[in-house]
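Model the full structure from these sequences, guided by the hints.
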Amino acid sequence: MQKLLLLEDDISLVDGLTWSLTKNGFAVEVARTVKEAEKMLAMRDDFALLLFDVTLPDGNGISLCEKLRASGDRTPVIFLTASDEETSIIRGLDCGGDDYMTKPFKLGELCSRIRALLRRSAGRNPEEGILRSGDLVVNLTEGRALLRGEIVELTAAEYRLLCLLLTNRGKVLTRTAILDRLWDGAGSFVDDNTLSVYIRRLREKLEENPSAPNYLKTVRGIGYKWEG
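At the far end of the sequence shown sits residue 240, using the working numbering, and the numbering has no gaps.
Keep in mind that the hints are not guaranteed to be accurate.
As the list claims (entries may be wrong) - As a list, the in silico DSSO-like pairs of lysine-lysine whose alpha-carbon atoms are at most 27 Å apart:
{"no.": "1", "residue 1": "K79", "residue 2": "K51"}
{"no.": "2", "residue 1": "K115", "residue 2": "K47"}
{"no.": "3", "residue 1": "K15", "residue 2": "K115"}
{"no.": "4", "residue 1": "K217", "residue 2": "K237"}
{"no.": "5", "residue 1": "K229", "residue 2": "K217"}
Said to hold, decoys possible - Here are the simulated distance ranges between beta carbons:
{"no.": "6", "residue 1": "R213", "residue 2": "K47", "range": "31 to 39 Å"}
{"no.": "7", "residue 1": "K79", "residue 2": "T99", "range": "17 to 25 Å"}
{"no.": "8", "residue 1": "P116", "residue 2": "R212", "range": "56 to 64 Å"}
{"no.": "9", "residue 1": "N221", "residue 2": "R132", "range": "53 to 61 Å"}
{"no.": "10", "residue 1": "G161", "residue 2": "E216", "range": "15 to 23 Å"}
{"no.": "11", "residue 1": "D57", "residue 2": "R132", "range": "14 to 22 Å"}
{"no.": "12", "residue 1": "N221", "residue 2": "T153", "range": "30 to 38 Å"}
Calculated from the structure, these hints are not laboratory results. Virtual Cβ for every residue (Gly too), placed ideally from N, Cα, C.
Okay, structure coming up:
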């Protein structure tokens, strides 16, 4: 059975949705607050789809969806909103939501939309275009890096260097090999001293202790490697 997470604080609606979704072959886990949903999402990663109410006692489903997308989570999200205002719908979809249902809605239609969304996402690899290492996520499609959910400001060369290291994690890359790959195709030459500057800047932006890095390691006399 495919597992769904329902984030909803209306008890009467929760009972009806749980009964209908279970009858249609889904396993349903229920959270009634954003905090509770965050805890459940942190403990397990096998939810096939997320149903988020927009307005909740301690926040809203849109902000939670934004946080999930920033961390690289691509689990399909359907918003359940009591408002049919255009601004709410647009905001929900712009933040990474896949669909929405305006209350009151027919349970049969919701189940049909869930199945359709699951079919569309079945062939999609949620990790496609994503590089991960601990709390660091690099979204190759969007061309940005996030550390603990926060965007890391990188220059173009720093970004290329980080992607090169992550793609070859665990492997020692010589300084010569790195310099060859950092040539940006626009005539900007990267010399040996500049590479050292890029390495230092990456450590300052990504490591808790840049002078004793846990990830971007120096291999003396050879080059560098990314561990983790």
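So which of those numbered hints doesn't the model satisfy? Number 9 - this is the single hint that the structure violates.
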